[in-house]
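**Student:** Sequence:
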Amino acid sequence: MAVHPRRAPRSPPLSSHFPAQAKGSTSSGAPPGGSPGEKSRGSSGVPVPAGDHGCGLARFNSLPHDTARAALLHCCGSGRWAHRLATHRPYPDRAALLAAADEASYDLSQSDLTGALARECSAELAHGAPYAALLALDAARAEYERTFGHAFVICLDGYPPEERADVLLAAIRRRMAHETDEERAISADELRRLAQARLVRLLDRLPDLMTGPLPPDGPSAADFGLFAPVG
Numbered sequence: 046m047a048v049h050p051r052r053a054p055r056s057p058p059l060s061s062h063f064p065a066q067a068k069g070s071t072s073s074g075a076p077p078g079g080s081p082g083e084k085s086r087g088s089s090g091v092p093v094p095a096g097d098h099g100c101g102l103a104r105f106n107s108l109p110h111d112t113a114r115a116a117l118l119h120c121c122g123s124g125r126w127a128h129r130l131a132t133h134r135p136y137p138d139r140a141a142l143l144a145a146a147d148e149a150s151y152d153l154s155q156s157d158l159t160g161a162l163a164r165e166c167s168a169e170l171a172h173g174a175p176y177a178a179l180l181a182l183d184a185a186r187a188e189y190e191r192t193f194g195h196a197f198v199i200c201l202d203g204y205p206p207e208e209r210a211d212v213l214l215a216a217i218r219r220r221m222a223h224e225t226d227e228e229r230a231i232s233a234d235e236l237r238r239l240a241q242a243r244l245v246r247l248l249d250r251l252p253d254l255m256t257g258p259l260p261p262d263g264p265s266a267a268d269f270g271l272f273a274p275v276g
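Residue 46 is where the sequence shown starts when you use the numbering used here, and the numbers rise one by one after that.
In case anyone wonders, no lab produced these hints; they're calculated from the structure. Treat each hint with caution, since some may be false.
[Unchecked claim] Pairwise CB distance ranges (calculated): (1) P137 to E208: 34 to 40 angstroms; (2) A184 to H223: 14 to 20 angstroms; (3) H110 to E188: 39 to 45 angstroms; (4) A187 to E207: 39 to 45 angstroms; (5) E208 to P109: 40 to 46 angstroms.
Ideal Cβ positions, reconstructed from N, Cα and C, are used throughout, including at glycine.
From just these sequences and the hints, can you work out the full model?
**Tutor:** Rendered as structure tokens:
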């Protein structure tokens, strides 16, 4: 599961030419290892479920361009990123879509990344997390935002729920020691991985969402369940 804000951000975008980052690399997010239902993992380590030719992808491929673009903006708030993925449809399988998302993320400019980070909200713990953990996270998150001027973003897909609070706090404290350029590159990579995780959720939810009429600006982030806290 990816770490997403408790409230839906305006639209979570991605990155560009990252210093000291190799294309397809992973950062401090999901460990390897899959479930029996997985076919493979995308280049960012996001599980690609079996049945790539399922109705979610078929519905995504058939959406009107403006509706597809609006839905994609809930995965990555860059208009350039969303337009590119919507325009290059149809995709033969989920792996092809995730690979295209990765490629598009690396082609974004530094100004796109600045806008992306401005649209994100720092990761939060779900209701029911220990009070001490919530206090510690609030303090660490505030310090991070003062230091780097943007939200703390991280993808925690692959970590069990009971470990996420400790992993999240440790990641913030570790990344606080980075220089600005290094942390910017790591944040960009985490946003790239979050966008892939959100794409997978979008495809999983599309069959249910498409049973009735959609609003003119497409489904909302809440419709997709994209931005739940981390548990």
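**Student:** None of the hints should be skipped; say for each whether it holds.
**Tutor:** Quick rundown of the hints versus the structure:
| no. | hint | verdict |
| --- | --- | --- |
| 1 | P137 to E208: 34 to 40 angstroms | holds (35 angstroms) |
| 2 | A184 to H223: 14 to 20 angstroms | holds (18 angstroms) |
| 3 | H110 to E188: 39 to 45 angstroms | holds (42 angstroms) |
| 4 | A187 to E207: 39 to 45 angstroms | violated (25 angstroms) |
| 5 | E208 to P109: 40 to 46 angstroms | holds (41 angstroms) |
Hint 4 from the earlier list is the only one contradicted by this structure; the remaining hints agree with it.
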